[in-house]
Amino acid sequence: MISARFEFFSLLRCSPLLKCVIFSYLFPFCCRFFEIIQEMSNEKSLLTPSITDAISSYFSIGPLIHEPRVVSIDKINQVWEIETKKGRFALKRVSTKRLYEETEKIARYFQQAKLPVITALKGIYQHGPYYFQLFEWVEGKVMSVDEILPQQAEKIGSLLFNFHQMNLTPSQFDLTILNDLFYDYPFNKAEWVRAVDMACALKINSSDKLQSLLPELIAVSEESREATARLKPSRLISHRDIGPQNVIWNSDDDPVIIDWELAGLIPPTVEVLGSAFDWSVVRHDKIDDSRYNALLQGYQQAGGSMSQVPLAFAALMGTWLSWLLVNLQRFIAGKCPDRAEKEVIQTLLTFEEVYCKGRYLGG
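Residue numbers (my numbering): -6 to 356.
These are calculated hints, taken from the structure and not from any lab test. Note that the structure is predicted; figures quoted are calculated from it, not measured. Even glycine gets a Cβ: it sits at the ideal position worked out from N, Cα and C. Hints should not be assumed to be uniformly reliable.
Ranges between beta-carbon positions, derived for each pair [as the list claims (entries may be wrong)]:
1. Ser283 to Gly121: 46 to 54 Å
2. Asn160 to Ile66: 18 to 26 Å
3. Gln290 to Glu140: 16 to 24 Å
4. Asn181 to Arg276: 27 to 35 Å
Derived pair list, reagent style DSS-like, types lysine-lysine, alpha-carbon separation capped at 27 Å [unchecked claim]:
5. Lys202 to Lys225
6. Lys328 to Lys202
7. Lys115 to Lys98
8. Lys279 to Lys134
9. Lys115 to Lys79
10. Lys107 to Lys90
11. Lys225 to Lys182
12. Lys182 to Lys79
13. Lys107 to Lys134
14. Lys196 to Lys225
15. Lys328 to Lys182
16. Lys202 to Lys182
17. Lys134 to Lys78
Using the sequences and the accompanying hints, generate a full structural model.
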């Protein structure tokens, strides 16, 4: 092994061409590595002492006991754990003020009905260009896809029925500012052809699968648009993203729902089917039928009914294809292309497993 290592470095010293070839392959990976390190560094450096002091003063929680701990990072929101003598809190940096104010109003309606919902303390604090929310810290665990039990999926189904029973009046909220990116389907045949052709020209992985599924993507997009229009009268206000990543399980193994930024109007059966898949996907090409059926059973046993299931299934596929198209466009534009490419591949695998095999059409 040692001699091989010496031979390798000796070869590098003797071959400038080989150096260039290896460098060209390694350079993108090195760049992404340093980007990740920089992102983590930026999130830590964002909370300067002056900002944390201002946050502590605004929320009246007292000075921090120790440095903020990064809990999660993405391109839109960041979350830190902070601690003072008054307790532990989750500090969340959000991208915009009005959207989060409106979705917080929705969350508070559910909280006032004694449903297990966490809402922000006091309101949104603005410091320069940054917006922050503060939440009480919830002790518990977020389940990974391979840890979820059928009985937990059943509890989520029952909780969804309780949400739907609230039947909030849309006129209570400013629906124009809610995030409907994945619930309105502006795509058409020309847009799909253009996006797929450009992504394939840029050598996206799984380009063959993308090309072969293009007819189905176009057809399902049209079906989804029609189904969504027909289901519009049945829409109600709900969370719209009750996946495992937005549920904390407390010490009694009961769910607590967080992150309401996607709250808005949705047909109830669409949300139930979408949640059933969210809680049953083991891999992007494998569904755990016991979890899927447990969530539907929990919803129905609590008193919910599954109406217009084929239409709801078609509308749900539209939300998936919206996500697929968004990531194709991100890949084409060079915006986090590695992450976008990964999402494209994973969405294609799930779409192929669920839609093309037609196993779940009946709910």
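Taking the hints in turn, this is what the structure says about them:
{"no.": "1", "hint": "Ser283 to Gly121: 46 to 54 Å", "result": "holds (50 Å)"}
{"no.": "2", "hint": "Asn160 to Ile66: 18 to 26 Å", "result": "violated (36 Å)"}
{"no.": "3", "hint": "Gln290 to Glu140: 16 to 24 Å", "result": "holds (20 Å)"}
{"no.": "4", "hint": "Asn181 to Arg276: 27 to 35 Å", "result": "holds (31 Å)"}
{"no.": "5", "hint": "Lys202 to Lys225", "result": "violated (33 Å)"}
{"no.": "6", "hint": "Lys328 to Lys202", "result": "holds (22 Å)"}
{"no.": "7", "hint": "Lys115 to Lys98", "result": "holds (12 Å)"}
{"no.": "8", "hint": "Lys279 to Lys134", "result": "holds (24 Å)"}
{"no.": "9", "hint": "Lys115 to Lys79", "result": "holds (15 Å)"}
{"no.": "10", "hint": "Lys107 to Lys90", "result": "holds (26 Å)"}
{"no.": "11", "hint": "Lys225 to Lys182", "result": "holds (23 Å)"}
{"no.": "12", "hint": "Lys182 to Lys79", "result": "violated (56 Å)"}
{"no.": "13", "hint": "Lys107 to Lys134", "result": "holds (21 Å)"}
{"no.": "14", "hint": "Lys196 to Lys225", "result": "violated (39 Å)"}
{"no.": "15", "hint": "Lys328 to Lys182", "result": "holds (23 Å)"}
{"no.": "16", "hint": "Lys202 to Lys182", "result": "holds (18 Å)"}
{"no.": "17", "hint": "Lys134 to Lys78", "result": "holds (23 Å)"}
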